[in-house]
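Student: Same order as they appear, the protein sequences are chains A and B. Those letters in the first sequence? Residues 1 to 234, per the working numbering, in order. Those letters in the second sequence? Residues 1001 to 1211, per the working numbering, in order.
It is worth saying that the hints were derived from the structure and are not from the lab. Zero decoy hints are in this set.
Some, not all, of what chain B presents toward chain A, calculated at C-beta under 7 Å:
1) His1012
2) Leu1014
3) Ile1015
4) Gly1018
5) Lys1021
6) Thr1056
7) Val1083
8) Ala1088
9) Glu1092
10) Lys1104
11) Ser1105
12) Thr1107
13) Arg1108
Computed list of lysine-lysine pairs in DSSO-like fashion (alpha-carbon distance at most 27 Å, straight line):
14) Lys1203(B) x Lys1180(B)
15) Lys1071(B) x Lys1190(B)
16) Lys201(A) x Lys170(A)
17) Lys37(A) x Lys1203(B)
18) Lys1190(B) x Lys1169(B)
19) Lys1197(B) x Lys170(A)
20) Lys201(A) x Lys222(A)
21) Lys1203(B) x Lys170(A)
22) Lys128(A) x Lys222(A)
23) Lys1180(B) x Lys1071(B)
24) Lys201(A) x Lys11(A)
25) Lys1190(B) x Lys128(A)
26) Lys1117(B) x Lys1047(B)
27) Lys1180(B) x Lys1190(B)
28) Lys1190(B) x Lys170(A)
Taking CB as the label site, the calculated pair distances span:
29) Arg26(A) x Ala1120(B): 50 to 58 Å
30) Lys1180(B) x Thr25(A): 43 to 51 Å
31) Pro1058(B) x Thr25(A): 25 to 33 Å
32) Gly1128(B) x Arg13(A): 51 to 59 Å
33) His1179(B) x Arg118(A): 47 to 55 Å
34) Asn129(A) x Lys1169(B): 34 to 42 Å
This one's a predicted model, so the numbers in the text were calculated from it and none came from an experiment. Note that beta-carbon positions come from the ideal geometry of N, C-alpha and C, so glycine has one too.
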Amino acid sequence: MVKKRTSSSLKLRRQQHREIRALTTRLLTVQDEERRKLSRDLHDDFCQRLAALGFEVTLLEAEPMPDAIRRQLQGFQTRLADLSGAVRNLAYQLHPSILEDLGLVPSLRALCEEISHRNGMGVAFRTKNVPGTLSREIKSCVYRVTQEALGNASKHSGAEHANVVLRGTKEGVVLTIQDNGIGFDPQSAKRKGGLGLISMKERVRLVNGQISIQSESGRGSKIIVTAPCPGTNS
Amino acid sequence: MKRSRVLLADDHVLILEGLRKILEPYHEVVGAVSDGRSLVDSALRLKPELIVLDVTMPFLTGVDAARQIHKRLPRTKLLFLTVHANPAYLREAWSAGATGYILKSSTREQILDAVTKALAGQTYISPGIVAEDFDLSRWRGGKGVESAAALTSREREILRTLAEGRTAKEAGAALGISHKTVAFHRNNVKRKLGVRKTVELIKRAIDEGLI
Chain A
1 MVKKRTSSSL KLRRQQHREI RALTTRLLTV QDEERRKLSR DLHDDFCQRL
51 AALGFEVTLL EAEPMPDAIR RQLQGFQTRL ADLSGAVRNL AYQLHPSILE
101 DLGLVPSLRA LCEEISHRNG MGVAFRTKNV PGTLSREIKS CVYRVTQEAL
151 GNASKHSGAE HANVVLRGTK EGVVLTIQDN GIGFDPQSAK RKGGLGLISM
201 KERVRLVNGQ ISIQSESGRG SKIIVTAPCP GTNS
Chain B
1001 MKRSRVLLAD DHVLILEGLR KILEPYHEVV GAVSDGRSLV DSALRLKPEL
1051 IVLDVTMPFL TGVDAARQIH KRLPRTKLLF LTVHANPAYL REAWSAGATG
1101 YILKSSTREQ ILDAVTKALA GQTYISPGIV AEDFDLSRWR GGKGVESAAA
1151 LTSREREILR TLAEGRTAKE AGAALGISHK TVAFHRNNVK RKLGVRKTVE
1201 LIKRAIDEGL I
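Chain A on its own, in the form it takes in the complex (with noise of 0.2 Å):
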């Protein structure tokens, strides 16, 4: 009686679990979207005309005016690329448009780029027969995980230096993140409910790919993730 009740509560909390999953899965992926298109209208639309603003104002320098008058018309062209600026931030940051103008190499060498520069720890990025055409899903995958990891590296492990590598396989693509800093440990970051790498392994199951986190206390740690594209390299 007591196993039959077991059996039975495990099943539930299996199912349960499974529902737990799949709704944040679902939940990353209208997140994912959602912030897709907010980031396109800002950028496609708000951007673009504050650029022809822009472009209205600074024409009206070629009028003959008087000398407050044009320093006040300067002022607003200022303002206007501040304001521009300030926009296309926001929208990079809901969401980085790069990988759909330019594709996943050049963006992850941006991001690389981008962190060794403000965070002071070098990056080395390399790749090798990365194919051409890669799903939207897995672009953004790789692309998410690569900025978590290297923000952890940079902000809590201390590292000098970090080695991405991206390398096309025949089943697919295979994304490496080693760090030299001070390393941690990966159950009790789980335990501690560290939404960074919850939200690292949900995007890479959401490709039907695989995470694996090695890291011990000062020995630094080393990010291995395979995402599948079947026929992508053949």
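We have chain A already, so just place chain B on it with the hints.
Tutor: Below, chain B alone, put in the same frame as chain A:
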């Protein structure tokens, strides 16, 4: 000053109008188009001395269009006018053969200066994108977007045209090439993507955000 023949390309009408107003007193604006495919067609037909173009445009991006134009009209100067201050975009533009790269937030004087410099074959890059002494030549002629395994810009263009629901014959007519050429490229793309049927090809195009 000699009036040079300039072609404009941007998918935002307001930008095209503004740009025309800035340039027309000094140059002859021979055309204004709003997508990459029309840009390639117009460039080959009009053979302008300078093209002022955006990086991101429908059907064929500015970078892909520039690559095709630079190959066939190497003397035509290409000046990118964009909102993207990220050096990654500059790098792609440069690898496609750009002469200059200017931000849309620039003043009328800066735009006219960039146009004059580009026409004279001199480099103009908006300040703040890369260091002033940065060596751009290392980015020249790169393979571009992804890797050797990437689709060519012609293949991407054909894929987009087919994904609009056209047959090979219709796509050929739209692009001004024979349907056999379309079929040849389509089969190459299928082989590269590892798909057999055209319907799977279109699905991939949608999934990958090509259309």
